[in-house]
Structures are given as C-alpha cells and as structure tokens.
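Visitor: Here are the chains, one letter per residue:
Number of protein chains: 2
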Amino acid sequence: MFNRKKISMLTDLYELTMAYVYFKTNENGRAVFNFYIRPTEKRNFFIFAGLYELIKNILEMKFYDEDIEYLKSLNKFSDDFLDYLKKFRFSGNLFAVDEGSIVFPNEPLVQIEAPLVEAQIIETFLINSLQLPILIATKSARCYTVANNKILVDFSLRRTQGFDAGLKVAYSSYIAGFNGTSNILAGELYKIPVFGTMAHSFILAYGDEEKAFKEFAKLYPNDTVFLVDTFNTVEGIKRAVKVIKELGLNKLKGIRIDSGDLVELSKIGREILDMEGFKDSIIFVSGGLNEYKIEKLLREGAKIDGFGVGTELGVSADLPYLDCVYKLAEYRGKPIAKFSKNKTTFPYKKQIYRVYRDGYIHQDTVSHFDEKLEGEPLVKQFIKDGKLVGDIPSISKIRDFTLSQIETLPPNLKDLNNYHKFLPTFTPKIIKTIEELKKKYLS
Amino acid sequence: MFNRKKISMLTDLYELTMAYVYFKTNENGRAVFNFYIRPTEKRNFFIFAGLYELIKNILEMKFYDEDIEYLKSLNKFSDDFLDYLKKFRFSGNLFAVDEGSIVFPNEPLVQIEAPLVEAQIIETFLINSLQLPILIATKSARCYTVANNKILVDFSLRRTQGFDAGLKVAYSSYIAGFNGTSNILAGELYKIPVFGTMAHSFILAYGDEEKAFKEFAKLYPNDTVFLVDTFNTVEGIKRAVKVIKELGLNKLKGIRIDSGDLVELSKIGREILDMEGFKDSIIFVSGGLNEYKIEKLLREGAKIDGFGVGTELGVSADLPYLDCVYKLAEYRGKPIAKFSKNKTTFPYKKQIYRVYRDGYIHQDTVSHFDEKLEGEPLVKQFIKDGKLVGDIPSISKIRDFTLSQIETLPPNLKDLNNYHKFLPTFTPKIIKTIEELKKKYLS
Chain A
1 MFNRKKISML TDLYELTMAY VYFKTNENGR AVFNFYIRPT EKRNFFIFAG
51 LYELIKNILE MKFYDEDIEY LKSLNKFSDD FLDYLKKFRF SGNLFAVDEG
101 SIVFPNEPLV QIEAPLVEAQ IIETFLINSL QLPILIATKS ARCYTVANNK
151 ILVDFSLRRT QGFDAGLKVA YSSYIAGFNG TSNILAGELY KIPVFGTMAH
201 SFILAYGDEE KAFKEFAKLY PNDTVFLVDT FNTVEGIKRA VKVIKELGLN
251 KLKGIRIDSG DLVELSKIGR EILDMEGFKD SIIFVSGGLN EYKIEKLLRE
301 GAKIDGFGVG TELGVSADLP YLDCVYKLAE YRGKPIAKFS KNKTTFPYKK
351 QIYRVYRDGY IHQDTVSHFD EKLEGEPLVK QFIKDGKLVG DIPSISKIRD
401 FTLSQIETLP PNLKDLNNYH KFLPTFTPKI IKTIEELKKK YLS
Chain B
1 MFNRKKISML TDLYELTMAY VYFKTNENGR AVFNFYIRPT EKRNFFIFAG
51 LYELIKNILE MKFYDEDIEY LKSLNKFSDD FLDYLKKFRF SGNLFAVDEG
101 SIVFPNEPLV QIEAPLVEAQ IIETFLINSL QLPILIATKS ARCYTVANNK
151 ILVDFSLRRT QGFDAGLKVA YSSYIAGFNG TSNILAGELY KIPVFGTMAH
201 SFILAYGDEE KAFKEFAKLY PNDTVFLVDT FNTVEGIKRA VKVIKELGLN
251 KLKGIRIDSG DLVELSKIGR EILDMEGFKD SIIFVSGGLN EYKIEKLLRE
301 GAKIDGFGVG TELGVSADLP YLDCVYKLAE YRGKPIAKFS KNKTTFPYKK
351 QIYRVYRDGY IHQDTVSHFD EKLEGEPLVK QFIKDGKLVG DIPSISKIRD
401 FTLSQIETLP PNLKDLNNYH KFLPTFTPKI IKTIEELKKK YLS
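Just so you know, the protein sequences line up as chains A and B, in that order.
Each residue of the first sequence is one higher than the one before, starting from 1 at the first, in my numbering.
Each residue of the second sequence is one higher than the one before, starting from 1 at the first, in my numbering.
Calculated from the structure, these hints are not laboratory results.
There may be inaccurate statements among the hints.
Identical chains blur together in the list; that is why a pair holds if it fits in one copy or across any two.
[Unchecked claim] For lysine-lysine, the following DSSO-like pairs were computed, each having C-alpha atoms within a straight-line distance of at most 27 Å: (1) Lys429 <-> Lys372; (2) Lys267 <-> Lys279; (3) Lys242 <-> Lys267; (4) Lys6 <-> Lys62; (5) Lys218 <-> Lys251; (6) Lys421 <-> Lys76; (7) Lys76 <-> Lys191.
Everything numeric in this text was worked out from a predicted model, so none of it was measured.
Take these sequences, add in the hints, and give me the full structure.
Guide: This is the structure we're talking about:
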C-alpha cells in the first residue's frame with residue numbers, strides 16, 4: 001500500500017541504470033516508444049483502458065527525498081544524476097487512442113515522445129498501468145456481449161491480485177458494461193454504483209434462516225436481496241417470501257442463489273416469486289461465473305436477472321496476462337525496429353485509421369503519423385510538453401463511449417469460442433522501412 | 001493508488017450491511033472466523049505469506065471522515081452505526097501460523113476471534129491480503145526447489161496485476177528463495193537486493209552494440225551484465241568480451257540472454273567466456289521462464305548461473321487464484337459449519353500439530369484449539385485484544401525461516417509434474433461435531 005505518489009520508483013532498476021548512461025553520455029535525443037499488445041488467439045478484440053490513471057500518474061510523478069537517498073545508497077549513480085532525478089518531471093508528449101476504444105494487437109495504443117531518459121524511466125509503470133485494465137475491460141466486455149442487458153456486478157475484490165488490482169478491476173469492469181461493484185472503496189473513489197446485502201455467515205450467525213432474513217428485512221425493507229442457498233435453496237426462497245409477507249412489506253427486491261443448478265433453481269425461484277405476487281423481484285446468481293457460464297445459463301433458459309462475477313473476472317483467469325510491450329520506434333528522427341523469432345517491432349511514430357462498413361469495424365490501418373489515409377484517425381494527443389491537453393471525461397462518459405464502441409464490433413468478433421484473427425494492416429511506408437532495417441541489422 | 005490507509009474501505013458492501021444489522025440487533029457475540037485454502041491438484045504444498053502486512057493493516061485500519069461521508073451518502077446506515085465506524089478499531093485476537101511456513105489445504109492459516117461485527121468487516125481485505133502472497137511465495141518456492149542454488153531474480157513488475165501486486169510479488173518471491181528483484185520500490189521499502197542493467201532499447205538507441213556496451217561498461221566497470229541477444233547472440237557475447245578487454249577491465253560480471261535456444265547459447269557462451277579467461281563471469285537468462293522451464297534447462301545441461309523470472313511468476317500464471325475462504329467456525333462459543341456440495345467448513349477455533357519423520361513433514365493434524373496432541377503446534381497468537389503480541393521479524397529472518405521450512409518438504413511433494421495429495425487429518429472431536437451439525441442443518 002502506498003502512502004504517497006511513489007509511482008516514479010515503481011520501476012525496474014535497469015530503467016535507471018540505462019537512464020544514467022544516457023545522461024552521462026548525453027544520449028538524450030527525442031525518442032518515440034510504442035505500447036502495443038502482441039497477437040493472442042484467446043481474444044478477438046481488446047478494450048483499451050487504464051489510460052487516464054496512467055496520465056494522472058505521469059503528470060504527478062516525481063522522486064522524493066527518501067527515494068534519492070535510497071538510490072544513492074545503491075552506489076550506482078553519480079550526484080549530478082541524482083540531482084537530475086530530484087528535479088525530474090515528465091516534459092514529453094503522450095499520444096493514445098481513447099479510453100474505452102475497441103483495439104487490436106500490434107496497434108500503437110500509447111506512444112511516448114520524449115527525451116530518451118524520460119521515455120525510458122516511465123516504461124515499467126506504463127506497461128503495468130495498462131495491462132490489467134485492458135485485460136479486465138476486455139473480459140468484462142465479453143461478459144457484457146453475452147449477458148443480454150442483465151445486471152452485471154463485480155464481486156471480485158477478495159480474490160484480485162492485491163489492493164490496487166481490486167480498484168482497477170472495479171473501474172475497468174464498470175466502463176466495459178458492468179453495472180457496479182461490491183467494492184466500496186471503488187464506489188467512493190470512482191463514483192461507481194455499489195451492490196451487496198448478505199453472506200452465508202450472516203445466516204449462520206443467527207443460526208436460523210428465518211430470523212436472519214427478518215432482521216435484515218426490517219432494517220432494509222425495500223432493499224434486500226436474500227441469500228437463499230445456505231441450507232436448502234427452495235426452502236430458502238419460500239422463506240424469503242414468507243418473511244416479506246409476515247413483515248407486511250409489499251416489496252421483495254430479490255433473491256441470490258450462490259450454488260447448485262442455477263438453471264433449475266432460477267426457474268423454480270421465478271415460479272415461486274411470480275406465484276406469490278413478486279413479479280418484479282429479481283433473481284441474482286453468483287459463484288464461479290465467467291462469460292462462458294453466463295452465456296450457457298441464458299442459452300439454457302435460466303430465469304436470471306443479474307450476475308455477480310467474481311474471481312475469474314478479477315484475475316482474467318483464462319488470460320491472466322497480456323503479451324504487451326513498450327518498444328523504441330524512433331530515435332533522433334530515425335525509425336527503429338528490432339527483429340527476433342516471430343516478433344517484429346514497428347518503426348515510427350504512428351497513426352491508426354479505422355474504416356467502418358455498415359456501422360461495423362471493417363479495417364484498421366497503421367500508418368506513419370503524418371500519412372493521411374481514409375477513415376477515422378484513432379490516435380490523439382493527451383499530453384503536450386508535460387501538460388495535459390484537453391479534459392479527462394467523467395466515468396459515465398467513458399462508459400457510454402465504451403458501450404458505443406462495443407456496438408461497432410462485427411458479430412464474428414463477439415464469438416467467445418472461436419478465434420477470429422483481426423489485425424491492422426501497415427502502410428507500404430512502414431513495411432518498406434521494416435524491410436530496410438531488417439537488411440541493415442541482420443546482414 | 002492509495003494516498004492514505006484506506007484498507008477499511010477496501011471491502012465488499014455486504015460486509016457493512018451485515019455489520020449494520022448485527023449492530024442494530026445486538027448480534028455481536030464472540031465469533032471465530034477461519035481462513036483456509038481449499039484443495040487443488042495444481043499444488044502439492046503452499047508457502048504461507050502475507051501475514052505481517054495483514055497484521056499491520058488490521059492494527060492501523062480506521063474509517064476516515066470522507067469515508068463516513070461517502071457511506072452516509074448511500075442511505076443505508078443510521079447515524080449511530082456511522083458513529084460506531086468512526087471510532088472503529090480492531091479489538092480482537094488473531095491466530096496464525098508463521099509467515100513462511102509450509103502449509104496445506106484445509107488448515108486454519110489465520111483465525112480471527114473478535115466481536116462478530118469486527119470479524120465480519122475485515123473479511124474481504126483479509127482474503128485479498130493473503131491470496132497473492134501465498135500464490136507467489138508458493139510458485140517461487142517451486143522455482144527455488146528446482147533451481148539448484150542458481151540466482152533467481154523477480155523480473156515481473158511490468159506484468160503484475162497492478163502496483164500493489166508488484167510489491168507483493170517482490171516480497172513474496174524473496175522470502176521464498178529468490179535472491180532479489182528488479183523492482184526498486186520493493187528494494188527501498190523492504191530492503192530487498194535489486195538487480196538490473198540494460199534492455200534491448202539501450203542497444204537500439206546507440207544503434208551500435210559495441211558502442212552501447214562500451215558506454216555502459218565505462219560507467220559500471222565492475223558491474224555490467226551485457227544483454228547480448230539484440231542482433232546475433234554469439235556475436236554479442238564476443239563483443240562483450242572484446243569491449244571489456246579493450247577498456248582494460250579485468251572483470252566481466254556477466255552476460256544476459258533473453259531469447260533463442262538457451263541450452264545451446266549458454267553452452268557456447270560458457271565456452272567463449274572460459275576461453276577468454278572469464279571463468280567467473282555469470283550467464284544470466286530471461287524470457288518467458290517458469291519453474292518447469294528452469295528445471296528443463298538445467299536437466300538439459302544448460303550452463304546457466306541465474307534466471308530472471310517475470311510474468312508467469314508475477315501472476316502465478318498456471319494458478320492465478322486460490323480457492324481460499326474465510327468461514328465462520330464458532331459463534332458465542334458454539335461450533336459452526338456449513339455444508340454444500342463437496343464443500344465443508346470446519347468448526348471451532350483450531351490448532352495444527354505437525355509430526356516430522358527423518359526431518360520431513362510426516363503428518364499434520366487439525367484439532368480443537370484446546371486439545372493437546374503430539375507434535376509441533378503451528379498456530380500462534382499474533383494479535384491480542386487489538387494489540388500486537390511479540391515482534392514482526394526482519395525480512396531476512398523470514399527468508400531464512402522459509403528456506404528452512406522448504407528443507408522439511410518430503411521429496412515427493414517437490415514433484416512439479418504430479419499431484420501428491422497431502423491433507424491434514426482432523427481429530428475425532430472435530431469430525432464428530434461436523435457430523436452432528438450436518439444432522440442438525442440438513443435434516
């Protein structure tokens with residue numbers, strides 16, 4: 001847990017040893033680095049996220065006195081370099097696509113244009129800042145595309161990989177179609193709706209399901225979702241109805257089922273609730289869910305109004321990391337690329353042009369930043385000479401934008417079960433430069 | 001990123017709605033909750049970690065004014081409850097096994113004994129605090145058991161799931177046998193050795209491998225590990241040697257190979273280095289490593305002195321989450337258990353007794369806390385009435401303890417490729433209580 005803005009130190013030692021050598025040898029020309037995702041067959045598309053938190057951190061990053069003291073104690077840096085770090089503020093430019101955009105592998109999602117030392121120092125935390133939000137927004141969008149407008153709630157906080165992950169998951173799932181989170185800190189910090197009523201321990205503490213339900217409903221008369229599966233689910237549903245009636249309440253917000261055959265139990269639950277006059281009561285389910293299970297439950301006719309999605313969302317269990325990288329693309333005005341087996345990096349500061357057909361994404365083309373092509377340019381400038389350009393939109397605006405982006409996904413890319421390869425093409429100018437650099441380096 | 005100790009709010013809304021009902025109905029007796037891991041075939045053992053950070057956070061947790069304001073804005077809590085939260089400090093007891101212990105599924109790793117409201121409120125962040133450290137310490141120990149005392153360095157920061165995860169990974173890998181981390185914030189905060197020299201972008205920025213090596217070696221004459229695979233690895237190794245000789249340095253710390261056939265290349269590298277008189281220079285490798293690949297490389301005769309392990313360690317890629325839970329075990333002096341398909345919770349406040357044979361763990365038995373059995377009792381008290389009992393050991397002491405624990409692992413449990421089931425037995429007293437509770441609840 002951080003008590004101050006320690007982002008500058010959240011980096012690999014080698015970023016600083018390289019920066020030190022650049023500094024001492026005056027090798028500090030204008031560099032362009034390029035953040036992108038390498039292709040994976042596990043996802044047909046990605047939702048870009050994490051940009052705005054990254055921007056805030058870049059604008060605020062600095063080294064504190066005790067950081068300088070610590071770095072001095074390593075005996076790896078001279079005093080003039082430590083003085084430089086003491087005054088360090090990011091002075092470069094940041095170009096990126098909008099938060100919430102549909103994006104694809106190999107596309108330049110964030111580009112840093114800055115003196116080499118600065119561009120190098122921010123590498124580690126830049127990648128870290130983006131990876132998890134992209135993973136989670138993408139997995140959330142996969143849930144959203146199959147959930148047919150049912151309620152989706154992030155239940156993952158206890159199983160996220162650390163505290164910061166808990167916040168990033170709540171934020172990223174919300175902008176990509178979830179309706180809220182159980183995480184109250186995320187509710188406080190990001191103004192995300194929060195959800196939650198009771199756990200099994202609540203029933204067990206009272207020892208008696210009926211008493212537990214009653215005490216809860218008395219204090220939350222219009223706002224109780226009864227957890228009905230502690231002992232016997234069908235009995236639990238009947239008991240929820242009984243309690244509401246006995247208390248003379250006219251509203252039963254809903255029930256939650258956390259185990260068992262959710263198709264069967266939700267159908268029985270719906271029947272009981274309807275029969276007892278609670279047609280508006282919702283049936284909410286949870287327990288080991290993911291996008292595949294949501295799709296299957298709805299396909300099999302489960303009578304479910306909402307899903308609490310926990311662990312598998314919170315760690316992106318089927319794809320817990322992205323092969324995402326931050327590569328030098330241009331230095332002192334010259335294009336740079338690196339070649340190793342099956343992996344190429346892409347030279348130049350770049351633009352992405354998107355062409356739609358019938359409202360759906362049809363093709364993305366990656367060009368040199370100054371080339372003009374048909375289509376919508378996706379890359380915009382967010383930081384200029386170390387200062388924010390324009391405003392950071394509100395979370396509800398970001399969410400609206402993300403949902404409008406999801407509308408542009410061609411149906412085949414929404415397929416959860418099959419990989420449909422969609423990659424941008426690169427302009428002849430870029431391709432030609434790659435070939436020339438290959439010749440030069442590998443000859 | 002947190003600017004203050006926001007741990008109290010890092011929880012699920014339902015913890016607070018339940019706490020509210022307990023508070024208003026005076027249902028606040030002494031409760032015992034029990035944190036444990038459910039069995040998985042993916043791990044033969046676990047290293048327990050995360051305890052000391054958890055303890056610090058429990059001791060410091062409080063609700064701040066703006067948290068109370070936010071909670072008030074939800075219209076779910078009365079003023080007297082919000083006043084209670086405002087004054088909230090944890091007043092209970094915490095029992096646990098030592099940080100760094102070898103542990104097994106179903107064992108009570110942490111037990112909270114406190115008034116029900118307090119024990120409930122800390123659930124979410126308690127689970128979150130422990131899950132990732134256990135996952136990472138365990139995966140690190142698996143690397144350590146096959147690495148044959150080679151150097152192991154955590155390179156995962158850029159791909160951990162968020163900032164806090166980066167710190168937890170550096171800490172947990174270090175106590176479980178790693179030699180250090182690339183993460184300088186972890187170095188500063190935890191006093192962990194830090195490692196790192198140069199990346200491919202460094203070579204590409206200078207455009208010329210020889211010039212890049214030279215500039216680096218001039219500034220770090222005795223401390224350079226040259227990254228040799230940017231263009232052609234064998235040429236790179238020869239160039240590293242040439243640069244050191246041309247600069248008249250008598251020491252080449254080492255080389256790093258980040259791609260290609262690491263068995264072949266490390267053999268060639270060793271040959272070149274030995275031939276040129278650099279028998280002490282180390283060969284360090286990185287790039288998509290995990291415990292399986294380390295084991296395989298060494299088995300195939302790779303001449304490797306150290307491994308940089310990144311992404312797959314940092315997210316525990318083959319097991320990115322634990323089925324770990326926090327269950328009510330006792331309330332107002334009465335044992336509690338819950339039963340659902342294949343899942344039972346374990347009643348009572350408990351002790352674990354460990355019996356060794358020939359220096360290896362032979363059997364663990366879980367008993368009621370007051371039962372006296374043969375063997376070493378593993379559960380100790382760390383917090384009493386809200387106050388720390390005893391001292392928190394230094395990180396080097398914790399690491400020594402963990403490594404001594406790994407020595408007690410029976411050889412079959414170190415097997416990476418096959419599951420060997422090792423679970424504790426429960427005493428007749430606990431078994432009998434489970435049977436009685438089952439009868440009572442499920443009748």
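Visitor: For each hint, tell me whether it holds in the structure or not.
Guide: So, going through the hints one by one against the coordinates:
For a Cα distance limit of 27 Å, the shortest separation of lysine 429 from lysine 372 inside one copy, 12 Å, qualifies, whereas the shortest one across copies, 78 Å, does not. In this assembly of identical chains, lysine 267 and lysine 279 lie within 27 Å of each other by CA distance solely inside one copy; the values are 13 Å within and 72 Å between copies. Proximity of lysine 242 and lysine 267 under a CA criterion of 27 Å is satisfied intra-copy only: 19 Å inside one chain copy versus 75 Å between copies. Proximity of lysine 6 and lysine 62 under a CA criterion of 27 Å is satisfied in both settings, with 8 Å inside one chain copy and 22 Å between copies.
In this homomeric assembly, lysine 218 and lysine 251 come within 27 Å of each other (Cα to Cα) only inside a single copy, at 12 Å, whereas the closest approach across copies is 77 Å. With identical chains, the CA atoms of lysine 421 and lysine 76 are never at most 27 Å apart, being 46 Å at best within one copy and 48 Å at best between copies. For the identical chains of this complex, lysine 76 and lysine 191 are inter-copy neighbours only, at 16 Å across copies versus 44 Å inside a copy, given an alpha-carbon limit of 27 Å.
In the structure shown, a violation is registered for the earlier hint numbered 6 alone.
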